[in-house]
Amino acid sequence: MRAKSDRESNPSLIHLSQTFFLTDIDHEKAERFVAHLQPIQRQLELFCFRALNRREDVQDTLQAAIANAYRDFDLYAEGTNFRAWIYRYVTFESLNRNRANQKLAVPFDQRELNELASHHIDHFHWESLMDSPRELLDHFDECVAHQLVMLDETSRRVLLLRAIGEFKYREIAEILDIPIGTVMGLLARARVELRQGLASFIQQNGFAKRGDTA
Amino acid sequence: MKNVGNMDCKQVRSHWSIFHDSEGDAEIHFGIEQHLECCEQCRKWFDGQERIERSLTTALNQSDSGNESLVNWDQVLTESGVVLSKPSPKIGRRVSRSLITLVAIAASLLVFISFWVLQSGSNENIPSLLQESIAVHRFVATGSLRPDFESTSDIEVDRYLVRRVSFPVRCPPRKDSGFEVNGAGMYQLDGQAVAYVVGSVDSQPISVFVLPKDQLELIPNEKRPKMERQAQFQTTPEWLIAYAVIDNNLVLVVGNATQAKLEKVLSSYGTYPHES
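Going down the list, the sequences are from chains A and B. According to the working numbering, the residues represented by the first sequence are 111 to 324, in order. According to the working numbering, the residues represented by the second sequence are 449 to 724, in order.
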């Protein structure tokens, strides 16, 4: 005679026990997901903080991105790059959030980059920025939001994926689904534009006055 | 503007970004390094760019909230459906288990009350096996019980029974007897495994219970000889039960169909070969 288990002794337990096992599987999935997510939570916060036009959208954006990623987590192959995988959801969701204010990405042109290299920036302010960036960047948050919004959406994402996500160009290309050459071009241009913006900021706010020793 | 190797100052500076990130062709890196060795102005320019980039990266990795989180992660995870109710999945699991235990106790009480009502009512002459079959069938009919194995395929249900049941079973009733199968499962009665198959006849829920023949002791003495020869019937206020000994099994069919239809389902038990 077989041992009598709860599952078999009470027929009404049969469905309940099935529910129990499903719940167990759900928890195992949630535990794995959270274990992957926890080390990069701060990074994702900062990415959204810088990528979004409105700070108050950070929580909702991450929530929507996490919900979608968790829904698809069964498709994630364990051992592959989780960071790059989840950034796809976060970048996509932040793009959706900014869609109302989105500017069209400007096609990259190497000649344009050459023009931007440095000589368009007032030489004096450029030198000030080059020589003592830390003092000037103490005021960074006063102007960075404006400067980042001035970049087109894709350039901003490329810049942030590199600066905050520390992704290689190939990974950024995969996350944003754009060619690697475009990543190179957009990143170089975004960096130049950001520096131009900072130099203008220095000029407008008098952080480096002509005649001062830089 | 110096021109060292294949690159002048303007070209070298335009490639600063990929040089800084250690990306791009090795040939470009080599060209830039060659140029920087000979061009002090560009070396200074590259150093300045590096300093700005380091400062920018540091600044971009900070927020005006300092180290304080910008996001309530517990809320994000909960509302994203990742953590169902509590921040700790382990706590959530304990809660789920407690909840299931409580529901199971409630269900057991419901079964007990059902038996008590049956025994104290008009069914007091019904053997206990039949009473239990009625109780289980009531759960099936009301949707309170879903079988272990759900399938509308006769063959899949047959395979399940062969695989799962510890005593010899034959193929359950099929569509040609008017029985539309929905699934099958197991439970225990007085320590003895009972297999059941659920389905419908004319959209009315029907349950088929299968036990080993040696469980005939669960049937009153006076009924047993007749069962070996023909189907027996038991009527209750709600249901009709048809039962018989078929080959090595004691088989009961419970439902709300006519006697003829129940008998047809009962007699079709074991008339098909098992599918391999």
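Worth flagging that the hints you see were computed from the coordinates, not collected in a lab. Glycine included, each C-beta is placed from N, C-alpha and C at the ideal position. Please note: incorrect hints may appear among the correct ones.
[What the hints assert, rightly or not] Simulated crosslink set (DSSO-like; lysine-lysine; CA at most 27 Å straight-line):
| # | chain 1 | residue 1 | chain 2 | residue 2 |
| --- | --- | --- | --- | --- |
| 1 | B | K712 | B | K674 |
| 2 | B | K674 | B | K661 |
| 3 | B | K458 | B | K492 |
| 4 | B | K458 | A | K278 |
| 5 | B | K712 | B | K661 |
| 6 | A | K278 | B | K623 |
[Said to hold, decoys possible] Some but not every residue of chain B turned toward chain A, in silico, with C-beta under 10 Å:
| # | residue |
| --- | --- |
| 7 | G626 |
| 8 | M675 |
| 9 | A679 |
[Stated by the list, open to error] If you want a taste of the chain A side facing chain B, the calculated C-beta under 10 Å gives, among others:
| # | residue |
| --- | --- |
| 10 | V144 |
| 11 | Q153 |
| 12 | C158 |
| 13 | L172 |
| 14 | I176 |
| 15 | Y186 |
| 16 | R198 |
| 17 | R272 |
| 18 | E276 |
| 19 | R301 |
| 20 | F311 |
Hint-by-hint comparison with the structure:
Pair hint B:K712 plus B:K674 holds up; C-alpha atoms about 18 Å apart against a cutoff of 27 Å. Restraint check: the Cα-Cα separation between B:K674 and B:K661 comes to about 14 Å, which is no more than 27 Å; the hinted pair holds. Between B:K458 and B:K492, the direct Cα distance comes to roughly 14 Å. Compliance with the 27 Å bound is thereby established for this hinted pair. Distance hint between B:K458 and A:K278 is fulfilled; the C-alpha atoms sit about 25 Å from each other, no more than 27 Å.
At most 27 Å may separate the alpha-carbon atoms for a hinted pair to count; B:K712 and B:K661 meet this at roughly 20 Å. With a CA separation close to 62 Å, the supplied pair A:K278 and B:K623 exceeds the 27 Å bound. For B:G626, the shortest C-beta to C-beta distance to chain A is roughly 25 Å, which exceeds 10 Å, and the interface hint is violated. Because the smallest distance between the Cβ of B:M675 and any Cβ of chain A comes to about 23 Å, over 10 Å, the interface hint for this residue is violated.
Here the hint on B:A679 is broken, as its CB sits about 24 Å from the closest CB of chain A, past 10 Å. Using the Cβ-Cβ criterion of 10 Å, the hint placing A:V144 at the interface with chain B is satisfied: the shortest such distance is roughly 7 Å. Proximity of A:Q153 to chain B holds as hinted, the smallest CB-CB distance being about 8 Å (cut-off 10 Å). At about 8 Å, the closest approach between the beta carbon of A:C158 and any beta carbon in chain B falls short of 10 Å, and the interface hint on this residue holds.
Proximity of A:L172 to chain B holds as hinted, the smallest CB-CB distance being about 5 Å (cut-off 10 Å). At a threshold of 10 Å, the smallest CB-CB gap from A:I176 to chain B is about 4 Å, leaving the interface hint in force. Given the 10 Å rule on beta carbons, the hint for A:Y186 is violated: about 13 Å separates it from the nearest Cβ of chain B. With its C-beta approaching chain B no nearer than about 16 Å, A:R198 sits outside the 10 Å limit, and its interface hint is violated.
Taken as an interface hint, A:R272 checks out: its beta carbon lies about 7 Å from the nearest beta carbon of chain B, inside 10 Å. Contact between A:E276 and chain B, as hinted, is supported at the beta carbon level, the nearest pair being about 9 Å apart and thus within 10 Å. Taking 10 Å as the C-beta contact cut-off toward chain B, the hint placing A:R301 at the interface holds, the least distance being around 6 Å. The closest approach between the C-beta of A:F311 and any C-beta of chain B is roughly 13 Å, which is over the 10 Å cut-off, so the hint fails.
Taken one by one, the earlier hints fail for this structure at numbers 6, 7, 8, 9, 15, 16 and 20, listed in ascending order.
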